[in-house]
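Could you use the hints to bring the two separately framed chains together as a complex?
Going line by line, the protein sequences match chains A and B. Residue 277 in the numbering used here sits at position 277 of the first sequence, and the numbers go up by one each step. Each position in the second sequence, counted from 1, maps to that position plus 1000 in the numbering used here.
By construction, these hints were calculated from the structure, which means they are not laboratory data. Quick caveat, the model's predicted, so the values are computed rather than measured. Beta carbons are placed, not taken as given, at the ideal position from N, Cα and C, and that holds for glycine. Incorrect hints may have been included.
[Claimed, not checked] Here are the computed lysine-lysine pairs in the DSSO-like style, where the Cα-Cα straight-line distance is at most 30 Å:
hint	chain 1	residue 1	chain 2	residue 2
1	B	Lys1034	A	Lys199
2	A	Lys10	A	Lys530
3	A	Lys199	B	Lys1060
4	A	Lys460	B	Lys1034
5	A	Lys330	A	Lys285
6	B	Lys1034	A	Lys241
7	B	Lys1033	A	Lys460
[As the list claims (entries may be wrong)] Label-pair restraints from in silico Cβ distances:
hint	chain 1	residue 1	chain 2	residue 2	range
8	B	Ala1019	A	Val493	38 to 48 Å
9	A	Glu504	B	Ala1019	56 to 66 Å
10	B	Phe1021	A	Asp297	23 to 33 Å
11	A	Glu438	B	Ala1019	37 to 47 Å
The lines below spell out each chain.
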Amino acid sequence: MSSDKRVHPKVTEAKELMESGRMSRREFVRTAALLGVAAGTAYAMAGLPRPAFADSHGNMPFPADDPNAKEGGILKVAMQIQKVEDPATFSWVEMGNQARHMMEYLAMTGPDNVTRPMLAEKWEANDDLTEWKFHLRKGVMWHNGEELKAEHVVWNVTRWLDADLAAGGIIGLSTYSAMLEEHDTGEKDDDGEPKMVKKMIPGSVSADGDYTVVFKLKKPVLSVAEDCYNYPTAICHPSFKAPLSDNPIGTGPFTLAELKVGEKCILKRVTKTTDGKDFVYWGGKVYLDEIHYYNFDEDNQLVALAGGDVDAIYEFGVEQMELAKSLPGKVLAAKTAQTLLLRMQVDQPPFDDPKVRAAMTMAVDNARAKALVFPEGGSVGENHHVCEIHPEYFKLPEMKRDVDGAKALLAEAGHKDGLEVTIDVGNTDGPWHQTLCEAVRDQLKDAGIKMNINVMPASKFWEIWDKTPFGAVAWTHRPLGTMVLSLAYRKGVPWNETHFDDPEFEAALDDAEATLDVEERRAKMEKVEKILQDANIMIEPLFRPVYTMTSEAVNGYPAHPTQYHQFNKVWKS
Amino acid sequence: MFKLIGRRLIQMVLIMLTASFILFVIFDTPEFKKRLAIQELGGFAVSALDETTYNEWLEKKGLNVPFYQRYFNWMGNTLTGDFGFSYEKNRDAGPLVWEKLANTGILALGVFGLMIPISLILGVLAGMKEASLQDRAVSFISVFFTSIPEVATAIILTVVFALGLGWFPTKSAMISGFSFHELILPVLTLVVYDFGYVARMTRASMAEVMTSQYIRTAVLKGIPYSRVILRHALRNALIAPFTVIVLQLNWLLSGVVVVEVFFEYDGFGKLLLEAALFPDIEVVQACTLVAVAVAVISQIISDVGYTFLNPRIRFG
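The shape of chain B in the complex, shown without the other chains (with noise of 0.2 Å):
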């Protein structure tokens, strides 16, 4: 087990240093330093700029040093936890990014509080009883909304609870303090998203596990049928769904930029794209290593996980 942690960590670091690397090599070039300077000075600035005026500007902004010493100095400096500065926000990466994840934490914190039991007890109720009109109606409803792309579902949302009603407010941007009035339509649309997908794993794990051997000889040695799902189906059925649940938190990062950027909400995937677009190397540098980072542990806690919940499942 803990040889299968250590290999997954190793597989991290050389993940993140392939990644920052090829970032590096992409935004090192002389169009990505226009694009900053543009984006410093203005477009019709830039152009006023003689050759001298704009060297001297990439020499303020340490841009002209060569590219593999800018590299190491990065390494060097991630590695004491100074994960550099944004140009567009003008201040220190590392804080930046650590708000906007925490903010993005709260929102998979209200996606998985109610996507969870949702998921898990329709999926059970489907699965209990394949090609029942139960499970054809989950099925259906299931799909039904996985199949609306997040942004519409956003749009029809707000368009009916906010502008229409007026329940919730239209943006969650939270300008005065942290509102959980605002929380509400971002939540719903990523729920709305996302169920059904967890829906119809834990349905089918819940199907297989109905058909086996032990739970028709639980059924026909009398036990009640309350006791034979709770007691001897439910633990085996949610093996697959635990796994899938755990790598949401993946998609949650950086699956969500949509919803944060509809919504004005400000979290990570936001932060990533305007970061992106600007082109703010350090914050999409710090942006990426936590981004490989969740992926990489989230995968490790699933695995782990699945030996716990299966004992069926050993490490070499």
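Same shape as in the complex, but just chain A (with noise of 0.2 Å):
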């Protein structure tokens, strides 16, 4: 990569913006990566020591073989165990992780919250990030003994943006919306209103050649490779069909050998091709045989680990703290940007009042409701949903408790004798969701305002978690702050669930997401920021940590912020 003739304008920029100090030396790094400058390049410029993760050997997104790594074993892993139907269409992490060994991305986003190439080399973008070129590896073997070409990835995201196939958590995901376009059907809906389809604008991907792959966006976007690891973008094979559990094709070191939902996914190293040749994998030394995921609900999985059914789980939750502590083994957190929001929907009374919503957020001390439910790591929320693990994160002045501004609002605003509400509650991720509700409740108390708690069952809350006026919703984390706003703070887009709506905020949003320098980026950002917080629109307390644990045996085990597993340089000693 060091010998690339073109590099980013905007690299160079960013390079200057370093040396001047406006820029820290790991932004500089997160930039240039994202730009396509190889990682292992990227920290040498910046001056900083490469990290295990950062590629002196070959541009690979792994982390460094181990000297001491010992070939061979089984992993075996406590997860739920989904279906594998169609990585498009995957609805659940688990899903992906299932998945993830066998079909690989095009980019790779580790758990240092760095994006790498992976099945792409490389990639650069046009000064205005409209236009994107992805090249490709050479050399990398699909499971059927053919090599990947850019035709295949060009088929992939055809595919992804047909409407028939309904993949919604593809096209939520501004990169791919940003190749789509209205079409009339020609149809008139049940009120008369001409029916509308979403079609990929033609030529929003194309090949250049067997090895380059371009993507033409309408409007700028910065966070094309971080779309390319979500867990639905995994790239199939042109002869896939759907399920993928019948014929999986893909370039990774395992396919799968037995799968049975609700209680087994037996994943085999690859050795040879469909066609009965060796099968080479691009992507260096693996270690592990096989990889056993074994159904265990959350709450079980510890126990299991605790009593040596499995070597590694998949999540445990911070009411099992106490529990991992006293068990031997490692447990591993990492810093994430998945949150809880106690959102209000603008256009529902009484949170149509701007000033109730004023008053609901002003009650609540953030700090402190946090510091109830996750003692130990994790960051407090200033309710606008960008993380302080943000590259873009910028530090507004500190929000302040207000018990007696708050009553003076809601007398204003007409509840003079206090204020009933009712939150829907799901615990989709946990009983934490219950509780961080009911610390809450506690404080809001001292304001006058009365908060119910409503607890569904998950499926539940899952038919209503955009409908109801007041709910609890979790956020997963996404690599960049301005990812998750374009999802839910646009108007009309599908998880709008506040029914925000400011055309203010999304020219500044619009602004910082064509902005690469993260310096002027997070300038810009203050704005964002700024108008979400004022328009109270949610109570976020904290982002939450994630737990996961293995046993002393494991090593190279990756605790990932959204929990994507990718064993290749994991072993078993």
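What follows is the structure, given as structure tokens:
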């Protein structure tokens, strides 16, 4: 990569910024990697020591080989076992994990939140971030012996954007939504409005030769590489037909040997291609022979590890921390931007009154609520859905709890004798949702707001999560702060659960999303975050850490902020 | 007798029809279909779907067909032995249910193998001499253990024997094939809960027999006490416990949900719970049919067995 002739002008710009001290070295590495500079080179340019993850070893996205690593063995992991039908419509991270060892991605975001080239060996963007070129690695072999070609990737992307596929998880990502446009079907819906479908803009994705894929976007997008590692965007062979579990042809080191939903998922190393030749994996050494996933509910995983049934688990909740600490093994924690929003719909009474919403947020001290629920790890939320681990996070002036102010606002809004509200909670991520709501409830009480907590089963909650006027909704981690804001707070996007609508906010967000320079982007985020915070559409007390655990024998097990499993360099001693 | 069996079987079919119909009505509501969509596609994705796409999805799954048509289809299929398809486990419901039923059968076998001798011996010992020390002791132990809920027993046993002493595995998922070792804790949990009940029933029955006149006569005739108990009392005393034990079959099938879920034992109860929560309609239906069949058949067995054990009872 250092032999590259063309370095994106923004990289040079970023380097200057770093040298003048306006950008931290770590942010430079991130930005440079986003623009297609190999992480190892970026670390070198920044004058930082290369961490284990930087690619000092042939532009690989994986950690460096461990000289002490022992080859062979079976890794047993406790996780819920889901069906593996069509990667593009995967709806759970677990499905992605089962498939990730077979089907790979153009890019890979490591546990350190840096995105590196995977099936692509590098990428580059034009100066206004509307055209991205991904150069594929040469010699990547499919399990059927063919070589990965640009046309295969084009086939995948075209398929994702097909309206019939209903790949909700993909078209929600900014990269792919910037390749879609509305089409009139010619039919009318029940209200007489023309029925519209979203179709791919012709030419949005194309192959330039055998090894280059070109994305043309209708607006600038910064997170193209990140959007290539979201769990539904696995690259399948064009012969793919759902269900994947019947005939998995991927490029990864493992393939599916046995799948029993709700029981087990057995993955074995690929040694021969389907036409009988030796299979050569592009990604270097892989230590494990087999990966066995066994179905254990989240509450049971830690005990299964303690009993020696498995070597590692998917996740355990904070309520099990004491148990985890008492067991032999390694407790791993990842800092994430996963969060819970106690969000209000701006067009539903009583939250349609901005004063009511302001009173609600004013009455709560987020840090105090966080300390009760996650005393260790995590970070305090600031009611604008951007987390301190995001590169472009701007620190707004601290919010102060003001009970009297909240009372005064309530009185102004016509609720002199207090206000009673009910929040819907589904505990979709564990019982801590409820605990957190209880912590908030106790604080609201001081301001004369009585918050009832309506706990419902998770599956029931998913029916109403975006419809309830007041609900506690979990949002997952995304590598950049701008990514989630685009998904959730733009007018008319499917996941806009608060019904927030502010052209000024969207303009500010557009501006930030088109800005590569982290310092500059951060300055622009001040306005974005401020508008959102002042709109008081959510109480967001915290960003939570995620915990997982392995036995002492497991090495190199990644604690990934989105719990994505990538076990190429995991080994058992 | 055959008339009785015939009547019971007709009853069974009627119960099956009613239960399956009610379940179908419940699961046919739009809310349940939406829940299924959420399970299949993910909560966030479903809300990103527009009406048309959602309807297409329903059509693809065959869920847009009118209710009565689906019900008759299902009935027809069931009669030919096709129990439908599990959305959750992604395979045919019939083999799935049999497989889990067999697992629960193994569990039941273990429970009966241990529980029957323990509870009968304890019950007989207690009932032989009412109000004696051994009666008081057995009664106390029985009532004590029966009043602890299974989930508490399961936790205590796991903490002591699995996490503490390390004698048994913590979970019984049998991930590397069937293991007798992993079966022990769930069996113990169920036995601890159940033996007291059966022992108390045996005790009551035994005590009643011991007060009857033919026993007094036998004792007064000078027949050795052990012979009186074994030859004269036992046969009559075991009639009531026999019925109770056969009816435990029913309890083992659907009452063990807690134990199976706690130990991650892949049995019928766990399947039923998962299917009901999913909602995996055809699996719930298949499980219901099996549960009804087992309930009615165990009742028939207990009735028929009763007539053999107690010749005084005749069915008209």
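Mind listing which of the numbered hints don't hold for this structure, in increasing order? none
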